[in-house]
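J.: Sequence:
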Amino acid sequence: MSIGHESGPALIKVSRFVSRHQGLILKILTDISPVNLLVSPNVEVKDNVILSIGIVHKMFRIFYFLGVKLEVIDKVR
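Quick note: the sequence shown uses the numbering used here, first residue 1493, plus one each step.
Mixed in with the good hints, there may be bad ones.
As the list claims (entries may be wrong) - The calculated lysine-lysine pairs, modelled on DSSO-like cross-linking and capped at a C-alpha distance of 27 Å, are:
1) K1561 - K1550
2) K1567 - K1505
3) K1538 - K1550
4) K1505 - K1550
5) K1505 - K1561
6) K1550 - K1567
Claimed, not checked - With beta-carbon atoms standing in for the labels, derived distance ranges:
7) E1536 - K1505: 18 to 26 Å
8) V1564 - V1531: 39 to 47 Å
9) V1537 - V1560: 33 to 41 Å
10) R1553 - L1530: 14 to 22 Å
11) L1530 - F1555: 18 to 26 Å
12) K1538 - E1563: 15 to 23 Å
13) F1509 - E1536: 15 to 23 Å
14) N1540 - K1505: 29 to 37 Å
15) H1513 - L1543: 40 to 48 Å
16) V1531 - V1560: 30 to 38 Å
17) K1567 - I1547: 40 to 48 Å
It should be emphasised that the hints constitute simulated quantities derived from the structure, not laboratory data. Heads up, the beta-carbon is just placed ideally off N, CA and C, and yes, glycines get one too.
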């Protein structure tokens, strides 16, 4: 499956938004404020939140990287 030329600019815009609003996206995905969970007295909950934040952060970095690559490809075209 390849990404058509027409969808490239949209993916770039989405990747930029996601990379700039990671906290907001995390809150939307979890429907719970990460700050509330980080102050939880339950250590296991805190560990899971930190792990989840790390995973989401890496996903967004990959998405951003793909968007940057698409932007470079568009400039070459």
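J.: Failing hints, ascending?
T.: 7, 12, 13, 15 and 17
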